[in-house]
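Undergrad: Protein chains in written order, with the numbering used here: chain R, 210 to 651; chain V, 247 to 646.
Don't take every hint at face value.
The list that follows gives simulated cross-link-like pairs (lysine-lysine, DSSO-like), each with its CA atoms no further than 27 Å apart [to be verified]: (1) 525/R <-> 601/R; (2) 473/R <-> 635/V; (3) 586/R <-> 225/R; (4) 459/V <-> 399/R; (5) 637/V <-> 390/R; (6) 459/V <-> 234/R; (7) 609/V <-> 225/R.
If you're looking for bench data, these hints aren't it; they were derived computationally from the structure.
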Amino acid sequence: MEGFVRKPVSDIGIDKTIERLDQQKIKRAIERVLNEEVTVRFKIFLETCMRCGMCSASCHHYLSHDRDPSYAPASKVKLTLGDLVAKKGKIEKADLKRYARIAFTECNLCRRCTQFCPFGIDIAYLISLVRRLCGVLGVAPQFIQDQVYSHMSSYNMLWFKQDEWIDTIQWIENELRYEIKNARIPLGKKDADILLLIHGLEAKYMTPLLSNMLKIMLVSGVDFTLPDTDGWDYTNKSLYMHDFETMTLVTKRHYEIASKLRVKRILITECGHAYRAALYESARLLGWKEAPIPFIHAVEFFYEILTQGKIKIAHKVKEKATLQDPCNIVRYRGLGQKLRFIVRELCEDFVEMTPNQEYNYCCSSGGGMVDAGPPWKGARIEGGKVKIEQIKETGASLVIAPCHTCHKGIEDLIEHYKVEAHVKFLADLIAEHMEIPERLRP
Amino acid sequence: MSWVDLRVLEKYANFSELVVNSLGDKIATVVEDEEGQRFIWVNGKTIDEPFERVNLLQFTPNGDLIASVQKDGLWTVWKEGVLWEEFFEYLWNLKTDNSGQKVLANVKIDGNYTVCVDGIPWSHSFYDTRDLFVSPTGAKVATYVRLENYPVLEIFNFAKGMWSLAVNDVFWDKKFLALFGCCFSPKETRVATAVRLTDRSFTIVVDNVCWEKSFYQVWEPRFLDENQVVAPVKTSRGWELYCDGSPFWERSFTQLWNLKVFPEKKMVAAVVALELGKWTLAVDGKTWKPTFGQMVLEPHFSPDGERIAVVVRHQNRWGLVVDEVCWDLIWERIGDSVFSPKGSKIAAKAEKDGGYYLLVENKVLEGPYTYLWDPVFLEEDILLIKGIKEKSYFTKEIKV
Chain R
210 MEGFVRKPVS
220 DIGIDKTIER
230 LDQQKIKRAI
240 ERVLNEEVTV
250 RFKIFLETCM
260 RCGMCSASCH
270 HYLSHDRDPS
280 YAPASKVKLT
290 LGDLVAKKGK
300 IEKADLKRYA
310 RIAFTECNLC
320 RRCTQFCPFG
330 IDIAYLISLV
340 RRLCGVLGVA
350 PQFIQDQVYS
360 HMSSYNMLWF
370 KQDEWIDTIQ
380 WIENELRYEI
390 KNARIPLGKK
400 DADILLLIHG
410 LEAKYMTPLL
420 SNMLKIMLVS
430 GVDFTLPDTD
440 GWDYTNKSLY
450 MHDFETMTLV
460 TKRHYEIASK
470 LRVKRILITE
480 CGHAYRAALY
490 ESARLLGWKE
500 APIPFIHAVE
510 FFYEILTQGK
520 IKIAHKVKEK
530 ATLQDPCNIV
540 RYRGLGQKLR
550 FIVRELCEDF
560 VEMTPNQEYN
570 YCCSSGGGMV
580 DAGPPWKGAR
590 IEGGKVKIEQ
600 IKETGASLVI
610 APCHTCHKGI
620 EDLIEHYKVE
630 AHVKFLADLI
640 AEHMEIPERL
650 RP
Chain V
247 MSWVDLRVLE
257 KYANFSELVV
267 NSLGDKIATV
277 VEDEEGQRFI
287 WVNGKTIDEP
297 FERVNLLQFT
307 PNGDLIASVQ
317 KDGLWTVWKE
327 GVLWEEFFEY
337 LWNLKTDNSG
347 QKVLANVKID
357 GNYTVCVDGI
367 PWSHSFYDTR
377 DLFVSPTGAK
387 VATYVRLENY
397 PVLEIFNFAK
407 GMWSLAVNDV
417 FWDKKFLALF
427 GCCFSPKETR
437 VATAVRLTDR
447 SFTIVVDNVC
457 WEKSFYQVWE
467 PRFLDENQVV
477 APVKTSRGWE
487 LYCDGSPFWE
497 RSFTQLWNLK
507 VFPEKKMVAA
517 VVALELGKWT
527 LAVDGKTWKP
537 TFGQMVLEPH
547 FSPDGERIAV
557 VVRHQNRWGL
567 VVDEVCWDLI
577 WERIGDSVFS
587 PKGSKIAAKA
597 EKDGGYYLLV
607 ENKVLEGPYT
617 YLWDPVFLEE
627 DILLIKGIKE
637 KSYFTKEIKV
């Protein structure tokens, strides 16, 4: 394809899967996705794009690659769906490989471009369709597929076994008692107010973060529980390959647990994609217009317990801090102001990135790029040049990132570009800086 | 009326969720002393020896108290003061049959996983087991089992399938990507489950035999009678109800799930979405008139199958709908419907502004209380309520 020049990257989830496909399978998948699944939006968006180029400079990939036009959002649509339609579906395997590379590793589905399109074309939706087509054919980065296979059978991203979940929480409960007197973490408690779901990584590799979240829950005095069965992990990595079948299976499980326990709300820790899936994509695929039971993000929860005085900040963070606005909670859901309230409560010296809030740039790891694993690390590092420049310009040594993907993505950018800064979650900062009431001290 | 003073629990370092038996004469919890020892506590007194941990404390349907307990780092089952002889690395999913006689759990032994029934582990063990199912009399016990142990990232092996079902210590030879929705036939002779055949195809398996057709997606199946199985399946028309691999209801829906069968009448009720955000119940294919914006939970038949009640959520409030008639949708939380033995009355607990109320036929009869458990009909017109008021547990019989 003219103008599309990339360094070769090997990923068996894409390369080997494509090798095994035959033309009949590809044809059937295209028919399924484009004839049975798409809505009228697809045709309207494709026909409406005037190639005006207004979207180009909105994209961090385009800017980070020295304004290479092949990274412009409109080009990415043209090089994928545009190509597919022009060829009337008669595509070669090499075309499919290019589609997969663009859809999975050169667009984070951050939707910044849509805000600059004079027609409001939802380019992330169009790229998602490419991912769906690839997903139906089983073509996706190997690391994402691994997580999705885990979700299919265990409802968590890391093949965690049922006993490991309960054992982990009870171990954390024991550890918490060094900080919170008689800490107790309810599991499967009926009629609790809040069902807390967590990120799979927090149960396996990031238990100190989970411990901090639980500490905040205990100090705030809210009535909460964790699930005592599969469904405790709110991540839904199948969103990245638009595996609707797994997405809905996972989301259905979360709302089922909530309704079975009769909780009033579901709370998740600091994550972007799962929030978006549960509120939008998966919920609608299941037949809901909105979350059937309130589904709140940690940012909403922290805002609530701070404004209601359920927790108090004892001493503020002194170092200069800046804030990453995660696309899925700020651009998609407007949590920017609540986020700033929390950060100002926490930090003495807060400086904004420019641009920020709904115009903030993606961390370059979103939309599954961080989950695509080591083969694609270089791609997200390259795409993140704009982000690291933004961070450098603030002069901050602390970057607050209330999303697992942003957190990991920015950590890698800081390391690669050798910037003197570190990244923290809100839960870590709040737990470290909040007041522990006398009655809860061991 | 009986009372148990719950203030005594405040002298302990900790206590867990309270559980009560069906007749309400026992209330139990796990209490913890300052040294971190856990005791089982019943009606104001600790009983038996201390344990390192006590999980899953519950009353069986026949009133026995059971729990999983940890001693010297290992786990076993405690039943009314008697421990299973064998101890395990871990024990979870503690369950009983409907009578409460048979006690079972998933267990971990030497790094492998299996099921233990009344203290006797199955002879087969597996790389993993998930979820535990028991038929009404306990004649059949099933669990999902992992038969292959490919390392992480082996996506092409995962795609071959690793999971199966084991029933009474015998595992099916077929391997699937995933299984969900295991259920038993009314007379407990057969077992069905939903399975994922490939990344994008699903079907129903009955006694290790797959339906001939596969589908874009399926949800949990149910037995219509001893032989026939119904299940929601997704086709190019949307969600449809199929029976033994063929269409059963005429129309399709935006969503269809939560099947409930009344076997004696071969009636099927299912929760359906007519369009996005328009939920209702379909009974034998005919949809109810009222629709709800947020949720319709699993339907419940009266004992004679003549009445159906469902919990619904609409405009951020919960309520009950009985035979297409809406009760007041004003509650912040509502329990499942409880039918009287002959089905002439329906009761439920409900909560608003922090207070729990007893509802009978859409009228508030009692409340507010600090907490209420689901009520129990002792007779057609006698209701037992179990609750907490002013830090005391109480039971009360009322005529309705």
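Undergrad: Against this structure, judge whether each hint is valid.
TA: Against the structure, the hints come out as follows:
Under the criterion of a C-alpha separation no larger than 27 Å, the hint pairing residue 525/R with residue 601/R is consistent with the structure, at around 23 Å. At roughly 22 Å between alpha-carbon atoms, residue 473/R and residue 635/V fall within 27 Å of each other, so this suggested pair holds. For a cut-off of 27 Å, the pair hint linking residue 586/R to residue 225/R stands: about 20 Å separates their Cα positions. Between the alpha carbons of residue 459/V and residue 399/R the distance comes to roughly 39 Å, so the proposed pair goes past 27 Å and is violated.
Taking the CA atoms of residue 637/V and residue 390/R, the gap is near 23 Å; set against the 27 Å cutoff, the hint holds. Taking the CA atoms of residue 459/V and residue 234/R, the gap is near 19 Å; set against the 27 Å cutoff, the hint holds. At most 27 Å may separate the alpha-carbon atoms for a hinted pair to count; residue 609/V and residue 225/R exceed this at roughly 64 Å.
In summary, the numbered hints that this structure violates are 4, 7.
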